[in-house]
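Colleague: Quick note, the sequences are listed as chains C, R and Z, same order.
If you read the first sequence in my numbering, its first letter stands for residue 106, the second for the next number, and so on.
If you read the second sequence in my numbering, its first letter stands for residue 156, the second for the next number, and so on.
If you read the third sequence in my numbering, its first letter stands for residue 29, the second for the next number, and so on.
I should point out that these hints are in silico values taken from the structure, not numbers from a laboratory.
Note that the coordinates shown come from a computational prediction; the quantities given were computed from them, not determined experimentally.
We treat Cβ as the ideally placed atom computed from N, Cα and C, and that holds for glycine.
Check before you lean on any hint, since a few could be wrong.
[To be verified] Partial list, derived from the structure: chain Z residues whose beta carbon lies under 10 Å from chain C:
(1) 125
(2) 189
(3) 239
[Said to hold, decoys possible] The calculated label-pair distances, taken between Cβ atoms and stated as ranges, are:
(4) R:210 with C:288: 52 to 58 Å
(5) R:230 with C:637: 49 to 55 Å
(6) R:178 with C:295: 26 to 32 Å
(7) R:217 with C:512: 49 to 55 Å
(8) C:512 with R:177: 53 to 59 Å
(9) Z:250 with C:318: 49 to 55 Å
(10) R:224 with C:512: 39 to 45 Å
(11) C:343 with R:219: 31 to 37 Å
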Amino acid sequence: MNPNLVTALTGYLPYLVPEMLLGAAACVLFLGGTWRANRHLWGGVALVSLAMAALALSFNPLPHYESASVADASRYASPVMLDRLALLLRGVSLAGGLLLVLLCWDSMPENRAAEYHACLLLMVAGMGLCAAANELVTLFLALELTSIPTYLILYLGKSSTPNDGLDAAGQEAAMKYFLLSIFSSALTLFGFSYLYGMAGTTNLPGLADAFRRASDLSAATEPTVPSPLMGMGMVALVMVVAGLGFRLTAVPFHFYAPDVYQGTTTANAAVLAFVPKVAGFAALVRVLGFVLPNLSHEVFTATLSRPILREQLPILLWIVAAVTMTLGNLLGLLQDNLRRLLAYSSVAHAGYMLIGLAAAPRLLDAFDAPVDGVDAVFFYLVTYGAMTLGAFGVLQYLSSSGQKAETVDDLAGLSKTRPGLALIMVLFLFSLIGIPFTAGFMGKFLLFAGALDVPPSQETTFWPPDQRTLFVGLALLAALNAAIGGWYYLRIAAVMYLRDPSPLAAAAEGKRSWPTLAAVGLCGALTLGIGINPDPLKRAVQSAVPRLTDMVSVSAVEH
Amino acid sequence: MDFALSTYYPIFLFLLVVVGFAVSALVATHLLGPSRRTPVKQMPYESGMDPIGDARQHFDVKFYLIAILFLVFDVELLFLYPWAAMYPWASGPGEPSSYLPGEFQSLVFWEVLVFLLSVVVAYIYAWRRGVFRWR
Amino acid sequence: MSGLFLLLLALPLGTAVASALLGSGRAAAVRWLSLGSALASLLLATILSVQFAAARLDQTSTDAKSPSTFPDEWIRFSTRTNLLPLHTTANGTVDSAIQFYVGIDGLNVWLILLTALLMVSSVLVSWTAITERVNEFHAWLFVLQLGMTGVFASFDIILFYAFFELTLVPLFFLIGIWGGPQRQYAARKFFIYTLTGSLVTLLGIVSLALTLPQIESQRDPTRTPLLTFAIPELIAKVDALNDKLPKDIQELEQAPPDFEPHLLKERRERLDSWHRVQMWVFLAMMCGFAVKVPMVPVHTWLPLAHVEAPTAGSVLLAGVLLKLGTYGFLRLCVPLAPDASLRIGAPLLGGLAVVGILYGAFCALAQDDVKKLVAYSSVSHLGYCMLGLFALNEVGMTGSLMQMINHGLSTGALFLLVGMLYERYHTRKMADYGGMGSRLHLMAVFMVFITMSSVGLPGLNGFLGEWLVISGMYDFTGTQVRGTLLAGLSAVGVVLGAWYMLTMVRQIFFGPLKEPHREGHGVIGDLNGRELATLVPLAVLCLALGVYPKPFFKAVSPEIRVLAGIADAARRRAAAEQSPVPPRDIRQAATATEKK
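Construct the entire structure; sequences and hints are all you get.
Modeller: Below, the structure is given as structure tokens:
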């Protein structure tokens, strides 16, 4: 057998040690939890295993291929693609996992702690595999690996004893999420089946090649007639975007989020706000071929010359982004429940991030673009993770230390009872608004810069309208949306600082949850740190995402 | 790859006949048959036993647990079968020992062990959590 | 020396952190720390501005031709480091980045000094007025100082924007926590108004910076133009494009007959699209700055915020924060979109400024609340700033800049006085007062003096500013606006200004004594030493600027001349477009090409 192929099919295993470690640790936790019920013990084990996974990742970050043919074989045969993007996102998911373990420390009943942490570890492994997937089947399995533990934690979070069930809202949340998530998986799978049906392979670079050949062929034979793949391609595209849109909470697949976030615990809501988004964006970027192997320029440009991506995708994502951020922010204005409010906030932020994806294919024509769109998306994803997890962490800390933190009014006068916590919450809120010197500002800046850099169309027609106008309009819409969002974030800040505490809140001073506090502190440091010095993160993200513009120029030189 | 719709005409015809027969049978009985609405006629089983209680019944969750456990071990078997068929068992001279290239043999062996182990973990977990206890 | 300037930025930040950490228990310590820090800032700002002004005064040479853009060496005490590299060359050097680029030039030197001065006043006036959460109050106050100084000092548009937005946060808390009864609504309204506007401004400046290299590379594909966010470089780029794009067309029009018609069409389209870009960028920038100034239709947040804000907040809001808007127009809008400033800015904003002057004056006349009166007088006075600015000539822009300083001094002092009055009687209704001059002698003296400055008595600062603005507008030459009309209308505003200010003074301080009734107050004393220390410097400066404005003018004149030069170039282009050179018949030329 071809030795290159053997390397491609087996060589990736040592690089997946972090995920294997996490899986093994999850097994240990599942079993161990049946003997001992101790949240500190199992939380500690989860932290240690995350640290070990991180260590393993740092030992074996990127594969080294002896020759180009080996690399080529890996690209077309290996189920995982261990490029820099995968490395970045695996790192991000490990870091996110660390934050989540700390944040959720006191959120579940003592006897469920082990299972809960095991589920978190499995999700982290799933996110990592999602980012590394090089194949539709792997990608789908990785997506399920993040989803299935999520269903479990929705049940684990609330019941205090094994026989004590969830309340009605909790049950509704768990059931709703379960059913809709399954439904979205089915949609995604349906889209994948179309892709497979059209291309005859599940390998992503192979898929891209097949599309290129087909579109070249049809262009050569009948240049005026659109490729017959168009119709089927549209179905696949819409299905994949719809299925993954559920995970991103993109409108119109957002409707579960408010109910689920409100019904479940704060810690679970934090998990839901972070994990599916990372997995969803990673999967979307992989499937849509923005980031293909950093080894082949040819394949890459071929993907973009695919008519389906060049013309329809930006318009589709434009619409989804515009509707998502507008609806998320407008509905956020009406909310009183904090988790529900943050659910709409996470919908709105998904909309912002989609701007980057929508602009990415267009930025290919841009002159020397400072951002590519995709890098802005991942930059924003990290900042979003820091600030949203931080905000949820503050709420979780409050509820675990005995203070009610359900509605906006429950936070009244927090600046008097807990000044430090109020200050850091304000930091997260201002970051979510996008005030300078916080991470949120830099994230929005890069997204806006991407959208504003879209060059004008070559020929101006009435329909489709000029790209530049379209995307400047989108940026303008996003700016107005940020201002609308400012109103409800500011409302929380105003309640905390400008109102007097209710006597109940002042009286409630329970135990302190140090791990949650540590998570909040870490998020705060990240939010402020990225805001003041965004360069390291930007560098990391840009080195992870192959520069579209660089690639095109290189391939233009080669041909 | 010549696609001619005419090849499929028989199938379409068949479908048409099937649907047509079903619909026409329903319509015909509705039109032709006598209908008298008496309490006895309105019962689900006109000449059977009188129904007692609600048709919907609660089943104990224990049955579902058993069903799921069965599913887990059944699916395990399902995965093991192709593995067993493909694995290079000692075979007669002259025959290819396996469809599996030699480079993968040890890998696939350990993979199946890991798979079995994970099922064992699930089994022990279920045991410890008292799933098998018939309460 | 640039170290000193950085210290001016670091000091408020350090003080804010320190006073937040001191805790709510140690109010006295926080107050003394704040006073010390504010005085130190003032000292630093004075040293720097005196040095700057001295250097400018020494330049006796009145070189006939001022450069068409701002040379880098005019920015003194500058610090320039990369904050966020955006593009690196092949050999690893960063060639475009968002920079931390701060410094002092003629446009911002006096505003930075004003900020430091009003900070001292704000700390002093809050000495007894603020009793709750003292440490938080001072922490936010110094964050505000950092933001304000940062906006004035920034020479990178992203940094400018960052500081611009940063000022919202502390003021939100200052109004919201220590404000009047409607404070929550006022704080949120202020925040959202300004945020909405300035987000659009962000889009405008970012898209300008991104579009410039695109147009440059279209014009000359051989060069790879750099993306930059530094204001002087952006101005130079805009200037170059404004200069070259019409020349490209002329060159073709006068070219030998074998020129290519499609090339001419392409170049014309490029010029058109550049004008469109300028227009949109101008409108986008206008959104943020006009809200901040505030121009009339979007001014409604201002009276509310002023009335609800604590005295220190009002002083800084009126004295400094409103200038962020006018300063933004002066620093960014005019040089970065000169054609649009002339075409849209002068008619639209000049007109709105006059409307604001008159509308603000009439609203002030109708007020019974002293603080609201002063707030509306701010709307009116800021109208003069905008009017002078969009006269787009040397006189008008100098007047505008001077009016910014004047307004900071006199309205700052007015708010201080109103705050002191309120602290004594806890009412701001003018009808409650009467003849207070016989009770509060010193306060009456200061009130009359500041009022005179505010209404523009010759010999005091206000007169010079208003005079320059109106005469600048009188000289306005442009395409669509009658400068004389605007100047005449704005002169009416001066009369109205005198009317409402003097009415206010007469009502409160003269006539029969009518002390507001207040439960259980002891003897109401006149101004004490602390309050005198707050007011005297402002009054002295009002007088000094009125009688000896030379250092002020000398320091600002080179930059203003550059701005006026940019505006004049835009005028010439507009005039050339009005009466264009008859273009060569394209069709004829095309046939000539075909024959060949």
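Colleague: The structure should be examined with respect to each hint, and the outcome stated for every one.
Modeller: Here is how each hint holds up against the structure:
no.	hint	verdict
1	125	holds (9 Å)
2	189	holds (7 Å)
3	239	holds (8 Å)
4	R:210 with C:288: 52 to 58 Å	violated (28 Å)
5	R:230 with C:637: 49 to 55 Å	holds (52 Å)
6	R:178 with C:295: 26 to 32 Å	holds (30 Å)
7	R:217 with C:512: 49 to 55 Å	violated (40 Å)
8	C:512 with R:177: 53 to 59 Å	holds (57 Å)
9	Z:250 with C:318: 49 to 55 Å	violated (37 Å)
10	R:224 with C:512: 39 to 45 Å	holds (43 Å)
11	C:343 with R:219: 31 to 37 Å	holds (36 Å)
Of the hints listed earlier, those the structure fails to meet are numbers 4, 7 and 9, in rising order.
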